[in-house]
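Peer 1: Listed below, chain by chain, are the residues.
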Amino acid sequence: DTGVSQDPRHKITKRGQNVTFRCDPISEHNRLYWYRQTLGQGPEFLTYFQNEAQLEKSRLLSDRFSAERPKGSFSTLEIQRTEQGDSAMYLCASSLGFSPLHFGNGTRLTVT
Amino acid sequence: DAKTTQPPSMDCAEGRAANLPCNHSTISGNEYVYWYRQIHSQGPQYIIHGLKNNETNEMASLIITEDRKSSTLILPHATLRDTAVYYCIVRLVNTGTASKLTFGTGTRLQVTL
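The listed protein sequences derive, respectively, from chains A and B. Under the numbering used here, the letters of the first sequence match residues 14 to 125, in that order. Under the numbering used here, the letters of the second sequence match residues 24 to 136, in that order.
Because the hints were derived from the structure by calculation, they are not lab data. Yeah, the Cβ is synthetic: ideal placement off N, Cα and C, and Gly gets one too. One thing to keep in mind: the hints can contain errors.
[Unchecked claim] To give a feel for the contact side, a few chain A residues facing chain B, derived at Cβ under 7 Å:
{"no.": "1", "residue": "56"}
{"no.": "2", "residue": "61"}
{"no.": "3", "residue": "64"}
{"no.": "4", "residue": "104"}
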């Protein structure tokens, strides 16, 4: 058990570019969550997968955001046409059923 | 999900017990109390959770009042490495829902020498 892994740890991009983040959950965890955290705030829920099915999306997840979890293993979060307001820490978490969520250390995105 | 209320900040001397309070007066019967902490530049770390009984693990103790409207997280012997933001969260555990965690702004605990 190596924990939840996120890649990259840091990403700097120019406004208007597309970015993609990857999350590898704890093996055999069927639930996967994406959160976003801005400075001084707690993490905010973005979306949730159970196996490969995306079952809930927050209103924070605009049309420029898309998440996938093919084959119910790793997940990707893509942001198209990035804006400065997208600058944040993007956190991934996984759980087995209703067990506690385990978080990765996040991807810090800076949009210049 | 029910909301929680926590003090924005607390101080604790190293070696002393840190008692972090949380109010969750609108908690419902199928909502658990969870505690997480977040050390700077890291993801939130799970500490402990409970429904109505007090719980203890290697990290902390959780005391939930009988009416379940408030709880206290106890770090028995705080160290400098316990300096972090502590989040108290009520989590709906129900089949067919995301059972997601809804974070507030937490309590910033500063452990000092």
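Peer 1: Hint by hint, note whether the structure agrees.
Peer 2: Hint check:
1. 56: holds, 5 Å
2. 61: For residue 61 of chain A, the interface hint holds, since the closest Cβ of chain B sits about 4 Å away, which is under 7 Å.
3. 64: violated, 13 Å
4. 104: holds, 5 Å
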